[in-house]
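S.K.: Read off the chains here:
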Amino acid sequence: MKRRSFVFFTMLLILALVLSGCNWWGKSDSNSKEGSNREVVVGLVSEPDSVDIHRTSSTGEANTPLYDTLLKLDNDGNIIPNLITDYEVVGDGKEVIFNLKKDAVFHSGKPLNAEAVKLSFERLVASSPFSTNAGEIESIEVLSEYSFKIKWINQFAPFFINATTPFLAPLDVSVLNDKGDGFEKNPSGSGPLKLIEINRGDSIVYEPYKDFDWKGQEPGFDSVKFRFIPDEETRILEFKKGNVDVLLNVPYQYIEDLEKDSEVTIKRVPGDVLSYLGWNNKLPIFQDVNVRQAIALAIDRDSIIDNTLNGEAQAVFGPLPKAAFGYSEKIEKMATNKYTRDTDAAKKLLSEAGWNETNKDGVVVKDGKEFSVDLWVDDDPANQRAAQVIQSQLMEIGIKITISVKEAATIIEQTPNGAHEMLLWSFGWPDADVLNFLLFGKDKSKRLHYENEKIYSILEKGAIEMDQEARLKLYEKAQEMLVEESPFVPLYVKENITAIRNFESFEIHPIEGSIEWTSVKVKE
Amino acid sequence: MSSYLVKRIFTMIITILGVSVLVFMIIHLIPGNPINHILGDFATEESIRELEIRLGLDRSIPVQYFSYMLNAIQGDLGISYITGYTVVEEILNRIPITAQLAFFSMIFGSITGIVIGVIAAVKKNTIYDQLAMLLALVGISAPGFWIALFLILLFSYQLSIFPISGYNGLYSLVLPSITLGLGTAGSIARMTRSSMLDVIKQDYIRTAKAKGAGVYRLIFRHSLQNALIPVVTLIGMQFGYLMAGAVVTETVFALPGLGSLIVSAISTRDIPTVQGLLLFMAAMIIIVNFVVDLLYTKLDPRIQYE
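Quick note, the sequences are listed as chains A and B, same order. Residue 286 in the numbering used here is what sits at position 170 of the first sequence, and the numbering runs on without skipping anything. Residue 246 in the numbering used here is what sits at position 145 of the second sequence, and the numbering runs on without skipping anything.
There may be inaccurate statements among the hints.
Stated by the list, open to error - Interface residues of chain B toward chain A, partial, derived using beta-carbon atoms under 8 Å:
1) 145
2) 160
3) 193
4) 267
5) 295
Derived from the structure by calculation, the hints contain no laboratory data. Idealized CB from N, CA, C, for every residue including glycine.
Throw the hints in and build the complete structure from the sequences for me.
M.R.: So, in C-alpha cells, the structure goes:
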C-alpha cells in the first residue's frame, strides 16, 4: 500500500512538472528587469481580445502600436498626413483619390502600396464587425503603385477622421493563411512596434520596428512588454517595486501616494470619453423639456468630480468632448451658462411641468404619482460613487433615484430595448458623427431613445458634407438644439492618468491619449 | 469491481451531460450577449444579423446545443467568439498553470492540514490543540484575496523573496499555492482531528499501546492511516473548491490560468469558451472524485466495490 501511494504521488508530481513545460522553478523574480534595462514594461488591466485590428473589439495600447494610421491628428486635433500624403475629393464627393507615401514598409518587409491598402480594405469590409467606420464603399481602384481611389455609395464625411484611428489602418493581408485568417500568429502592420510574442493571459512583447519613421533618431528602447495585471493592488505594487515602468489608468486613490515618490512622474491627458447622465426619452416622465432641463440644472459636476474622481476630470456641459471633431467653444459656453447648477430654477421648471407637490419624503408628486426613477450604473466603483452623488443632488429638487448596479454587458444588451429609465454611461469617438450613429440619429438612439426630426436631418447632412467648415457649422447648429432640448446631461471627461519612472523622455498624445513611441527614451 | 467501474463511468457520462445542459441553459439565460460585446456602439441591425449568422446564433437553442455536443464529443469545443482561438487551444494554453496551482495547493493544504490535525488530536484539549484549531479556522474563514495581498506585501514587496505576480516557473506559484491551499488546510485539519480522535479510541489502538508500540508507530502506522479515509474524501471534494478559488487567486497574482480565462469569458459573454471551460472543469471534478473513490480500496482493504 505504501509503495503504491508513493508511486501514485510521484506520478502526479511528474505530471505537474511535465505540464510546467520544463521551466520548472523559474527565476527568483520572474518579472524583474535584470539584464534588460532598455526594456519598457507597461502594466495594463486587461488583455486585448485580439491583435488583429479587423477583429478586436478592444483597441488599446497593447494592440494598436502594431499599426500606423492612414492619417493622424496633430497635438491640436487637426487632421494631418501620415501614410496618406494627400487626397483629392472628386466630383460630388462620393469619390476620393488618395496618394500614399512611397517608403512605407510592412513589418513583413513587403511594401505598403496601393494594392496592399486595397486588399486590407477589402478584408475590413468583408470580415470586420467595424466596417461601418469605412462607410459604404462601392469600389476601390488602384490607380498607380501609390495611388488609389475609393468610391462610396453615399458621401461619407467621417472617413477622414476615422482614418486617423487604427480601425482603418492597413495590415498586410499577404501574411494570412488560405482561409484569410491567422493574423494572430503572423501579424504584420506598419506601426512603431513589431510583435515578438503573445503569451495569452500574461503579456504581449514587441520590439521597435526599425523601418518606422523614428524622426531621424534611434528608438529609445529595445523592447516593450505589456503585462496584464487585473488586480488593482497588485498592479500598483508591481509599479512601486519597479517591475513595471509605465502604469496606465492609475486609480485615483493612488495618485497622491505615487506623487510623493520623486522617481515617479504622473502624466495627465484629458480623455476623449464623455460620461453622461442619460435616460429613456421615450418614457412619458421625460417627455416634458422642463423636466429634462430641471435635471440638468440640478447636477453639480464639480461636486461629482471632487467627491468621486479626486478632481481628476474636466466638467463638460456641451454634447461633445473637446477631443472630438465638431466640439465648439461657443456651444460649451452656452451650455455652461444655461446649466450651471441652480436648484431654485430646477424646482421652478419641475413645478411648471406639473410636479408641484411634494410628499412626506420630499419627493415631487404629479397626479398622485411620485417622481421616482431607477438609475442603471455599471460595476465600476467610481461610477457607483458618482451615481450616489447624483442621487443626492436630484433628491434636492425632489426627484427620487434608486440605483441599480448592473454588469456592463447587461446594460449594453438591454438599453437598446428601452428596458432602463435612467443610466450613467459614456461614449468616446473622435468625430461628431457619434451624435448621429450612436446618440441621436434616426433609429440609432440606442441608449437615449430620443426622437427629433430636425436634429436627425442636420446630423444626416453632417455625415455627408465633405466640406469640413460647412460640416462644423452643421454640428454647431445640431448641438445648439441639443443643449436647448436637454435629452441627456453631459457630465465630465476623465483624465487619463499615467505613472512613469526611469525615462529621459516620454510623451502621450494630448488628443488621442496614446503613448508616442517615437518620444520614448529609457534612462540608461 | 468491473461492474462497479461500468456503473460509475455510466453515471459520470450522465452527470457530464446534465452539467452541459445546465451550463448551456444558464449561459443563454443570463442577460448580455456576445454580439453586443463584439459590435459595441457600432452595431447596426444588418451587422448584428450578419454576425449572428456567422456565429451560428441565429439557430434555435436546442439546435445550437445538439450541434455543440456533437462537436464536443469529437473533441471540438468550438471557437472563441472573442479571440478567434479554438477553445481547446485556449484550455491547453492555460491548463498547465491551473493544474500546477491546484496540485501544489492540494499538496500544501493536505500536508499542512494533516500535520495540524494530528497535533490537535494528539494534544487534545491543550494549548496546542486550541492554537491548531484557531489556525484552521483562520485558514477557512480568511478571504483568498486578503491572504494573497498579505503574502504579496510581506514576501514579495518587503522581503523580495517571491515575485509579486505573473508566471515564470514553479517559483512564482509558491505564494498562490499557499493562498489557495490555506482554506483546504483548514478543512483537512478539522477533519483529521475529529477522525483521529475517533480512531484513537478504538480497541486495536489500546492493544497496540499495550503491546508496547511507540508513539510515532501508534500515530502514523495504526491511527493516521485509518483516520485518513474521510480525509481523502474531503480532499477529493476540495478539488471543486480549488477550481473556484483559482479564479480569485489567478486574478490577484495575474496568472494566465483557467480561472482568469473564465472571468474574462463570462464578462464578454464568450459562450463557447464559458461552455467549454465549465464542461472541462466539471469533467475534471467528476474524474477526481472517481479516482478518490478508487483510492478508498487502497487505503482500506476492507472496502470492496461490487
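S.K.: Run every hint past the structure and note whether it holds.
M.R.: Now for the hints, and whether the structure bears them out:
Checking residue 145 of chain B against chain A by beta carbon gives a least distance of about 6 Å; that is within 8 Å, so the hint holds. For the restraint placing residue 160 of chain B at the interface with chain A, the shortest Cβ-Cβ distance is roughly 19 Å, beyond the 8 Å limit, so the hint is violated. Look at residue 193 of chain B: its Cβ only gets to about 10 Å from chain A, farther than 8 Å, so that hint breaks. Look at residue 267 of chain B: its Cβ gets to within about 5 Å of chain A, closer than 8 Å, so that hint holds up.
Annotation: interface hint on residue 295 of chain B violated; nearest CB of chain A at approximately 23 Å, more than 8 Å.
The structure shown violates the earlier hints numbered 2, 3, 5.
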